[in-house]
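Chains as they are written, first to last, in our numbering: chain V, 1 to 287; chain A, 1 to 287; chain L, 1 to 287; chain D, 1 to 287; chain G, 1 to 287; chain E, 1 to 287.
Calculated directly from the structure, the hints in this document are not laboratory data.
Keep in mind that the hints are not guaranteed to be accurate.
Simulated crosslink set (DSS-like; lysine-lysine; CA at most 30 Å straight-line) [claimed, not checked]: (1) D:Lys-80 to L:Lys-80; (2) A:Lys-80 to V:Lys-80; (3) G:Lys-80 to E:Lys-80.
Here are the simulated distance ranges between beta carbons [what the hints assert, rightly or not]: (4) D:Asp-152 to A:Arg-161: 29 to 37 Å; (5) D:Ser-21 to G:Ala-286: 53 to 61 Å; (6) E:Glu-137 to D:Ser-21: 51 to 59 Å; (7) L:Gly-175 to G:Thr-222: 25 to 33 Å; (8) L:Thr-222 to D:Gly-196: 49 to 57 Å; (9) D:Gly-196 to G:Ala-286: 40 to 48 Å.
Pulled from the structure, derived: some chain A residues nowhere near chain V, Cβ distances all over 10 Å [as the list claims (entries may be wrong)]: (10) Phe-20; (11) Gly-22; (12) Glu-83; (13) Asp-212; (14) Asp-277; (15) Ser-287.
Note that the Cβ used here is the ideal one computed from N, Cα and C, for glycine as well.
Each chain, letter by letter, is given below.
Protein chains: 6
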Amino acid sequence: MDAPLRARVLVEAIPYVQRFSGRVVVVKYGGNALAGASGEDSVLQHFAEDVALMRAVRMLPVVVHGGGPQIGELMTRLGKIPEFHEGLRVTDAETLDIARMVLVGKVNRDIVGALNVQGALAVGCSGEDAGLITAAERDPALGFVGDVVAVDPTLVEHLVREGLVPVVATIGSDGAGQAYNINADTVAGAIAEAVGAEKLVFLTDVAGIRTDQGDPSSLLATTTADALDDLVASGAIGGGMVPKARACAHAVRHGVRSAHVLDGRVPHALLLELLSDEGVGTMVSAS
Amino acid sequence: MDAPLRARVLVEAIPYVQRFSGRVVVVKYGGNALAGASGEDSVLQHFAEDVALMRAVRMLPVVVHGGGPQIGELMTRLGKIPEFHEGLRVTDAETLDIARMVLVGKVNRDIVGALNVQGALAVGCSGEDAGLITAAERDPALGFVGDVVAVDPTLVEHLVREGLVPVVATIGSDGAGQAYNINADTVAGAIAEAVGAEKLVFLTDVAGIRTDQGDPSSLLATTTADALDDLVASGAIGGGMVPKARACAHAVRHGVRSAHVLDGRVPHALLLELLSDEGVGTMVSAS
Amino acid sequence: MDAPLRARVLVEAIPYVQRFSGRVVVVKYGGNALAGASGEDSVLQHFAEDVALMRAVRMLPVVVHGGGPQIGELMTRLGKIPEFHEGLRVTDAETLDIARMVLVGKVNRDIVGALNVQGALAVGCSGEDAGLITAAERDPALGFVGDVVAVDPTLVEHLVREGLVPVVATIGSDGAGQAYNINADTVAGAIAEAVGAEKLVFLTDVAGIRTDQGDPSSLLATTTADALDDLVASGAIGGGMVPKARACAHAVRHGVRSAHVLDGRVPHALLLELLSDEGVGTMVSAS
Amino acid sequence: MDAPLRARVLVEAIPYVQRFSGRVVVVKYGGNALAGASGEDSVLQHFAEDVALMRAVRMLPVVVHGGGPQIGELMTRLGKIPEFHEGLRVTDAETLDIARMVLVGKVNRDIVGALNVQGALAVGCSGEDAGLITAAERDPALGFVGDVVAVDPTLVEHLVREGLVPVVATIGSDGAGQAYNINADTVAGAIAEAVGAEKLVFLTDVAGIRTDQGDPSSLLATTTADALDDLVASGAIGGGMVPKARACAHAVRHGVRSAHVLDGRVPHALLLELLSDEGVGTMVSAS
Amino acid sequence: MDAPLRARVLVEAIPYVQRFSGRVVVVKYGGNALAGASGEDSVLQHFAEDVALMRAVRMLPVVVHGGGPQIGELMTRLGKIPEFHEGLRVTDAETLDIARMVLVGKVNRDIVGALNVQGALAVGCSGEDAGLITAAERDPALGFVGDVVAVDPTLVEHLVREGLVPVVATIGSDGAGQAYNINADTVAGAIAEAVGAEKLVFLTDVAGIRTDQGDPSSLLATTTADALDDLVASGAIGGGMVPKARACAHAVRHGVRSAHVLDGRVPHALLLELLSDEGVGTMVSAS
Amino acid sequence: MDAPLRARVLVEAIPYVQRFSGRVVVVKYGGNALAGASGEDSVLQHFAEDVALMRAVRMLPVVVHGGGPQIGELMTRLGKIPEFHEGLRVTDAETLDIARMVLVGKVNRDIVGALNVQGALAVGCSGEDAGLITAAERDPALGFVGDVVAVDPTLVEHLVREGLVPVVATIGSDGAGQAYNINADTVAGAIAEAVGAEKLVFLTDVAGIRTDQGDPSSLLATTTADALDDLVASGAIGGGMVPKARACAHAVRHGVRSAHVLDGRVPHALLLELLSDEGVGTMVSAS
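Please construct the entire structure, taking both the sequences and the accompanying hints into account.
Put into structure tokens, the structure is as follows:
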């Protein structure tokens, strides 16, 4: 690359570095991104590199993750038959134990391990730690599936202030110590709001938000909370994108400056979105 | 209880409260203590109460735990046949995954949950977090069984300074991100030394250290590092007590003021040992 | 004492230790308590031990004292004939000089000396020091008998923050430097209010507050500011208990959490009242 | 006064203000200075004004005082017959009590009162407070007459850091809590050394140190520690000037920059000595 | 001078030292004061001594200066013909360059040099530095003559907090980086207001403000902002005194405690005005 | 530019950002760079942009400048005939005055103005300010040409800590206040050493250091202090490059990590050298 081009990228990136220095960026890293067949290592490694670079320029990354596919896999190995209620998995005590072991003891560990190879000094957390996530039962018919009642961001704030990267598994607990499994997109949004994050970023395996699922050209580069509400209401947004869209809309209405749905399959998608004029997915603003 | 007796206990306890205020006490809580049939809840709850009381008087408890019985249980459910080498369990990649899920995602969570019901603001950690425990392979024939190479106590020190209680699962990792399962007694001793703990306490299911296993009257109230070495060399101390004895002797020779082997089955054993003139197990000093 | 009883006392005491840590407790120590014939040393020594133990668990004791009997004794030796006006001693310039010498130069010194033998690092103060107590003449007919006009708690707060125990003699002064002798019960209450004390404790030579002076069974374990007002109004409370009762009622209405009238003759009464569920005198709350 | 003269005084004084800012000056104020018949108020008032002005320009004054004449007066009133041993007063328990009452409860109070009228925020202390002066018996035949064993300047340093003026009565105590009366000149020197004072000043009722007591023209403007030793050895210095001379010589050999013997009867002697090129008494340097 | 007179000067000065300690005093030092033929060195040297003494007693001096005569001199040497518009000098780009070189590169340097010989640690600044003075064009016909739009006192405050003496040349700039020459009296007043100065002092070559220019006996010792307005309106104040009078009146109405017009030819005029009861010029108060 | 290229530039730059964060970079900006005919504005503007971007990523730039051509220009206008001694300009008092006016009042101002348009909050300084550069006469025959005797970096360090950019004109002064003109390359090196700079950068109008002046292909990408010494000794380096080469060699031997000679005519040369793997001139290391 010749010098003028190189200079242009730097001249463009530096104001972003300055603007985001010392600001928290909450990144939801999907379980799917971990589960891919051969590309798996590569995606996780690029992600870990980007998180390390974010820290190098004094951004304060917080990683939140789920792990649906991995939970299903262990249930299968243990001969546990999944049960459903209105399309959602019923989580009995044994299923909760399995989910917790997989999320906290496996997926969380794999991400922490990959980050620490980059020197990122990641620390694995569960929402149960230090009262991070207080949860409540969503529906008796679903068992130990929880909603977020409150987030106490003290632990996460402590860790980022010390230069560490919290990696949060989305198990919460109630006052009596009962644990619940919670949707990771919702938790990511709730933490972003509680810490007053600059950005909330969903790393997914799609290119962004489309107004027409079947039409790649309908990809939105930018949108607003109201427009997202309409797309969800009209059914144009469906499936697993619904909790992400809702979390984005809620977050930008509650103090988070912007929310992003990015294609995690693009190498260094996170870095390009954060440090250049042209993003690589959909950016959601309050208005 | 009448007033004079009550006054005597308080007059006796307060100097200990003062002496241990602001000092770290590392407590190894055994997997066996968690695994008991009907008494299980009760032992864990008393333990959690004692840890909460330690924090109330400004001691800085750090909990380290193993989980052998629980690992074996999940292996059995997954149809995994244990393999042994010179009496030690061979830990292949799948066994390591199981151990990590159980230790970090189950046992650690149960202890954190019990402590947080007491308001103790526990935070679960693994030795992999923030470079806490650097490990190396012990013996190729054993697979992913590790020795402690180094302890970086920064994370633990940070958490205790914030008034939180670290609960440490004894998985370590090497520079390349490979995880290892490590003996929890050894880890407890290494952390106590690294943080310059006042005390290292092993909560066990025996009454303390005996010079003659078969003779309850041979229980030692106090002993020294040298005496412990002799008892191990002579075979008077054997089995699971060996790594505890070694950790005690090493710790008191490396800056820990005293080490204790207590009977965790005695209600509030921890509190009685810490705050009264008469201990309830064996206390080990440097000399 | 066996282990379970011992554990129960500790489990009961620790929450009080935690609650009162870093909080100021103002203790009025009566001149009578010092004047006793043979038991004198013993009472003062137990008191000094209790103050030392309070400091050991990070409470912040402030001692206020009077010294009526000792003032009378020196007056007698100097051949000074007491004069009275409506039942109160007339304090001319010479009497004031005597009172000041006895309170600041004798009683205060005896208490400071006893505390410092316990390592408590007591510092004797007079209300004249650093503007601690601004006083004004109560009644021209009484001479240099003062009322408290204002308390500047800066000096007392400095000393307790440094880990020292202020011992306050109740001489105040006005803007022109004129000194006044002031009722010690009133001063204790005023200082407790000014520093926002957790507790105000009167160590007396009676068992507590009774609704019927002649009936030991009428002792009140707990009462309220309003009830005290009624007892004073009805004459059920009389004599030297009146200023104590008034100071208690005023203090709990002005930010002091609770006020106590204890029997200083019970060994370690202070410690038992502060650190156990069952008090040893009368506790006064706002309502 | 015309402008050029006024300017010359200021131009001369300001470098001294700068040099002594933030430095401790220990001033011994003699009991004689307080005992004078008609001039009494005036001398004490000028002294109080000078101390207030020292504080105004950020010097850190510490006042130490004796009170021999006043002790004698109260002994007489109480019908106590003085007893002597080799020219020094024997101090039995009752005499000590009297001395303590007079020094701490009368002389100290009068100085504190005079200073506080100037807004100087004086705080009376005794050497017994917070371990300030540890004393030991000088000679069994003398009773409770003490020597200085150690000075713990923490309390004094704390008070001056808070902008307060400590006024120290020279009673010390031993580890068992026994009080002793100590020569005030000696205490002033010991405190000056312990706090690393810039200056030690004796305010006396003579013009300074003379080599020939009977010859006013033999007054020394400056002298050295060695020269003082010679004058004491030769008897040229005698009486009450001996402990002052010894304290001056010891102090300048132990870190105090200079020691001064001033004529306290000259109005504002302290200010003139501190802030002008020409002193008003004798200045002692190390060499 | 004898001791009582000396003491009187000190007793009078110290309260001023205390009152002005840590307070900013902005001194406008006139270009004329620098331009005098033979007395030049002497006036600047006395001024430098006074500034050094102000710092010694912890006042925070800020010097502002002009340099009209010196600008005219260089213009003459460069053969530049002055042009006037309604009595004010037209400042084209070349004239501005000359003014800037003279003010920043010559007059400012001479003052900084003289101060630093006194150890005053002066730092030369221009209003262009760190956004100190934002200016705007006054009148297109005048070219680069500016008015003060805003003062950002951050740099000046930084420097005085570090114990340095800012010496400010009165060039300002607009947002596009265009420089302007600004009246130094106006700048001095604007800086005094922006830093919340205690005093604003104009050192001039006249004795103070007179109500009748021709009558020395009409000199005002004290006056008010309103009275000054009247004198300017009536023409009693004219010429170069007008911007000084306006700056004084504006400053005392905007938070500056008092403003002074002094005769800089009187040796140590600054010190005498600041530290004695009788000033040496005119003092202006808000009312 | 496509995403992968963009990502590569960022991934490469971030480690440099991290490494240089909080580190001082001293940049010598040559008078020639300011004097160019048509390209003048553009070079200064690109330089100002780069300095602003350095600050944005928390580097701490310090600018040092000369101004030989501009001094010569004003001398000519004032009809001053240059005089030379052994090839160096003789600097009499008038020449010094001219040099100081031009450097401090013109060149320094132009750089400060250009930086402040970028929001860089530049502050112009002279070596005379706050004792920054103590100088001494180099050779009586040369007049007021100085050598650097000492650098007191306090002012520069203070300004960079406050987020400001010092721009230093290279006039120094001796203890008596006499000013001297000093070679700017030498001053840049001395300041870099005194502040412990990470880098010392010379922005010149040549491509870097060549071993053969006439052969562009002899340009050195990297070299060492010893190699530079040899090139100067052999005459391969000559003219104005000699003081630069000497300053580079001295600096890297005295704590500066690396020194650079860059081609200031390349847009953003500074940024490219600092933030990419391939430099754009010659880098000098200690060995």
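Indices of hints not satisfied (ascending): Per hint list: 5, 6 violated.
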